[in-house]
Amino acid sequence: MSEHDAAHAHHAGHAHWDTSIWPAIISVGILAWSLAFSLHFVYHQSFMALIAFGIGIPLIFGGVAGWTGEAMGTGEGLAYGAMGWFILAEAMIFMSFFAYYWYMRLSAPSWPPAGTPPLPVVYPIVMTIVLVSSSITIHMAEEHMHDGNRSAFTRWLLLTMALGLTFLGMSIYEWSHLIHEGFTIATNSFGTVFYSITGLHGSHVIVGLGIFTAGLFPALKGKISSSFWRTASLYWHFVDIIWFFVVSQVYFW
Amino acid sequence: MNRALKHCAAATVMVVASAGVMAAGYGDARIVDPAPGWDHLWREVIIDITVIGILFALMTAYFIWRYRRVPGGPTVGSGPTLSTAAAIGWVIIPVFVFMADDFFIAANGWVLWNSYRDVPADRLEIQLESGMYSWDYTYPNGAHTQNQLIVPAGKPILLRMTSRDTLHNHFIPDFRVKEDSMPGRVTYLWFLPKEAGKEHIVTCAAYCGVMHSYMAGRVIVKTPEEFKAWYEASGTAAKKSS
Amino acid sequence: MNLKEWIFTTDHKRVGVLYLIGSIAAFIVAGVMALLMRIELSSIGPTITNNPSSYNVWLYAHGAVMILGFQIPALTGFFANFCIPLMIGAKDVAFPRVNALSVWLFYVGVILALLTFFIPDPPDVMWTGYPPYSTITTGNTALYTFTVLVLGFASILGGVNFLTTIAYMRAPGLTWNKLNIFVWCVVGAFILQLIFVPVLGTAVTLISMDKYLGTHFFDPTQGGDVLTYQNLFWFYSHPAVYVIFLPFFGVLFEIVATFAKNKVFNYKAAVYGGIFGIVLLAGEVWVHHLYVSGMVDWIRVGQMVTTLLISVPVGLMLISLVGTLYKGSITFETPMLYALGVLFLFLIGGLTGIPLAVTSLTVHLARSYYVVGHFHYVMAVAGTFSIFAGVYYWFPKMTGKMYNEFWGKLGFWVTFVGTNIVFWTMMDIGVKGMPRRYYDYSQFPQFEGAHQLMTIGAVILGIGFAIALLNWIIGAIKGRPAGNNPWGSMSLEWTTVSPPPHGNWPTPPAVGAEWTPYAYGKS
Ligand code: HEA
Ligand code: HEA
Ligand code: CUA
Ligand SMILES: [Cu+2]
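As they're listed, the protein sequences go chains A, B and C.
Those letters in the first sequence? Residues 6 to 258, by this note's numbering.
Those letters in the second sequence? Residues 39 to 280, by this note's numbering.
Those letters in the third sequence? Residues 42 to 564, by this note's numbering.
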């Protein structure tokens, strides 16, 4: 597209420049959410905060939807390589949390600190199995996509999303159970670490599911971009691998 | 090259020597005061970097002047195309020279650092609790002062520091020392007051809040006799009041 | 001109220009903060405000906006965006929409930073945001957190985008060893950003969690530890200084090679020894900001050595840069003047880092105006001069017009004088014991004269910068046409028309085996 435009511009002295309004819309949404946090937590204006948050929701979700609708399949074929770089950055976020956790734990006089209830053993294993299977199913989906089998692709994709949702549901159950027992993020330094690391991981599951959802609707209409799905599944594998660190460090150490 | 060799040799010697100082430092009654050591090392490092800076600046200035475009002169440059050997040489030799200088500076810095961290055994140990915005000193006999650190001349003073609230930093410019204090940890610093009758500024060097720049105190150096009198009097006063 | 095609643009050049406008605006605001601080410090005791909090807020805004809102966006936002696709012969970046998102997020970040002046209880945590103060102040620490997060996210998006672009979109024949040094420098800078920004993001998120969500990361009474924040913060913020340093040195390479009409001296040493040496060492030296923070002793000594070793790759780059002058044919237009100024002033800044690197010397120097002097020489002087040099240099490409040479040179000399008055004096009083972040220095009456001198110097400096800024504005409006390649450079960006159209070239360029961006005297 741009080659034609550039040539055009050259001859007619009048250019058509590509534009997209979705980045702007998403950014304004992020601004609204940032303000909502300040309004609620710093200025205790909860009503205003709610409004700001409410403004942010349609902007961000609408922006993402509009963006995927506009860009899906239009040659962002380098996304796979780019996701590698992005994952490097993401991995560093987890590294920082783990570094904090190791440092704190190794210098603590006794562990776990007072107030920590015993954590379940079987339950996290089940969660691990669920998440690992979802990695396998997304891989299957990808295989079918490469074979051109569209309905099988959608089936495996939906299965993956179901597994992801199950995992999230299990996390939420686990959290509410522990909070019920009086173990919260503010209980002690382990509570702080436990909830922030599992929460951080959970938020990545949510983002992964969000990416799947964004691609699902075009896919249902038959618009399947192989670079999109390769990239999305790479991200999902990453989320899965990180879970091994979470589960081994937080539950079983 | 010559300079680099000398530095390299010096660096090796310093590393060995500093290890020796480390090993011998304990149980040695001799007091190594870091403050004059600081002034000495500062002068040395400043000379070192000034020489490097002037060399580079002169070379740059010469090139700028020598290769400016003149009417009738060349209009494109003719910088050399380096052979592989020359290109590697232009890496290896500078790296060697720079590293030699770095190790030289590091070895000297390390020796001085040891005297900052090895506190003489014969010392007066004072607890410091800092808070927004004051310095609270507690002496071994329970005597208590605020913003006034009263010390005898000629005796090493060790402060064991912690904080009630935010970070603070006990900075005594005259003695070339500072170290943070913070909640949850105990840090230390030591210095050697020499001249009785002098006062030295203590100032806060860690941003700690609105009145950070007003968090000041004094080190008041007394003669050993004066100090003893003050110390015993305020010690008994402290006992009575508690 | 179609406003919509500017604001919602996805074209890398326009995104770049938006970055430039935003970061220069940030520079002016933060510069005005600096002037306010300098006026406040021009006499002992209250001068223009009797509330120390106001001073602290100015200082917070000055430091945070200069680094996060001016230099990093100008260097990795404007220069990278405008130059890189042109230098590698690409039509645009790999992900134009992501690029637009990144500049929009940059503006959101700047808006958040500027809100500081309009809200009750503005943040006053300094650009470092150390707890416990940042978690107990009544100031709005959340705003600090979100400013950093949003700007950091913008930068990560830029990093992903540019590394992909450079890896996959180079023109045919443009091999890695023919890249402009500037492109290499941006590669280095963005690798650092991708690795380290997330750590900063985590650090500032943790303080807001502690303050607002009741967690105990930094609360020692519940098993937390205050020092961890400082480690996480500097684990990013030291590499951040090389995120500034690398691109600005890259800009200098381009300018020096062009105005000396010479090839870069020992290119491979600068790239593989210099740039990658810095990337490798950057993550191992952060403790030099914690020499007096109560860390264990062995790590302070270890990082003294690694910090000193940074002088090796930096020295290699400097040799290549100075060597590029050797046997050149040097002319002295405004961009070159600024660049040559940096060659001298960076020496002062870099070499004054050496005493700071020595653990035992820092025991006296840390947190003093000596440090302030050091980093203003490297950043505020060398960094800003390089940015100004670069803007002057690519000005004809960007606008198609020429700035005024006389005012350009005048602006340079005025700033040159001003900087040295201000920042040299800082180092001097720092060694004599003046601590930083002081609203009032009534304990140190002996420094009043020096502070007054610095205030005068800052005004001179401001005038010099204002001359440059006005020169750009006037040049962009009514400068004479500049032509496509006014400097006679070999680099690819000068082969297209000025200003380049959407898509950059009618037919994308390809380069031959003999070509390099610095192959003067060959064609
Ligand atoms: C662009 C920014 C930039 C750059 C490039 C540098 C470069 C360096 N900095 Fe600086 N620094 C800052 C920005 C920067 N710094 C900032 C912002 C702060 C303060 C933050 C705050 O607290 O708010 C700071 C603070 C700071 C400290 C902490 C001080 C303190 O708070 O106590 C230290 C300590 O080691 C330090 C050291 C160095 C060193 C060794 C280099 C080296 O990279 C310099 C290398 C260059 C040279 C050495 C000169 C050229 C080389 C040669 C001529 C070769 C031969 C030389 C030798 C063999 C010595 N810096
Ligand atoms: C890139 C970074 C950068 C830059 C460019 C500057 C630039 C300047 N800084 Fe900056 N400074 C920092 C980064 C920077 N600083 C940081 C990180 C800190 C530490 C913060 C902390 O402690 O947390 C600091 C701290 C700091 C202090 C220490 C205060 C203290 O510790 O109490 C001082 C004091 O004088 C100071 C002064 C100045 C001055 C006079 C300039 C001058 O160079 C500014 C000159 C610019 C102008 C004056 C604006 C000119 C433009 C106009 C006037 C435009 C008008 C014209 C038109 C519209 C056409 N700075
Ligand atoms: Cu206490 Cu600053
Ligand atoms: Cu540093």
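These aren't lab readings, by the way, just hints derived from the structure by calculation.
Any given hint could turn out to be false.
[To be verified] Below, a list of computed lysine to aspartate or glutamate pairs in the EDC-like style, where the Cα atoms sit at most 20 Å apart:
no.	chain 1	residue 1	chain 2	residue 2
1	C	K45	A	D23
2	C	K473	B	E263
3	A	K228	A	E75
4	C	K45	A	E75
[As the list claims (entries may be wrong)] A few chain C positions that, by computed beta-carbon distances, are all more than 10 Å from chain A:
no.	residue
5	I48
6	Y148
7	V149
8	N202
9	A212
10	T256
11	F258
12	G264
13	D266
14	V363
15	E555
Here a beta-carbon is modelled for each residue, glycine too, at the ideal position from N, C-alpha and C.
Verification of the hints:
1. Between K45(C) and D23(A) the CA atoms are separated by roughly 10 Å; this keeps the pair inside 20 Å, and the hint holds.
2. Between K473(C) and E263(B) the CA atoms are separated by roughly 32 Å; this puts the pair beyond 20 Å, and the hint is violated.
3. Note on K228(A) and E75(A): the hinted pairing holds, with a Cα-Cα distance of about 12 Å set against a maximum of 20 Å.
4. Among the hinted pairs, K45(C) with E75(A) is consistent with the structure: their alpha-carbon atoms are about 18 Å apart, no more than 20 Å.
5. The claim that I48(C) is not at the interface with chain A is violated, since a C-beta of that chain comes within 10 Å of its own (minimum 7 Å).
6. At roughly 7 Å, the least C-beta separation between Y148(C) and chain A is not larger than 10 Å, which violates its mark as non-interface.
7. In this structure V149(C) is not separated from chain A by more than 10 Å, as the shortest Cβ-Cβ distance comes to only about 5 Å.
8. Against the 10 Å criterion, N202(C) falls within the reach of chain A, whose nearest CB is about 7 Å from its own CB.
9. Under the 10 Å C-beta cut-off, the non-interface status given to A212(C) relative to chain A holds; the minimum distance is some 14 Å.
10. Taking the minimum C-beta to C-beta distance to chain A, about 4 Å, the non-interface status of T256(C) is violated against the 10 Å cut.
11. The beta carbon of F258(C) is not kept farther than 10 Å from every beta carbon of chain A, the shortest such distance being approximately 6 Å.
12. Look at G264(C): its CB is around 3 Å from the nearest CB on chain A, not clear of 10 Å, so calling it non-interface is violated.
13. With a minimum CB-CB distance of about 6 Å to chain A, D266(C) fails to clear the 10 Å threshold, and the non-interface call is violated.
14. Interface exclusion of V363(C) from chain A stands, the closest Cβ pair being 34 Å apart, more than 10 Å.
15. Every CB of chain A lies more than 10 Å from the CB of E555(C), the least distance being 27 Å, so the non-interface label holds.
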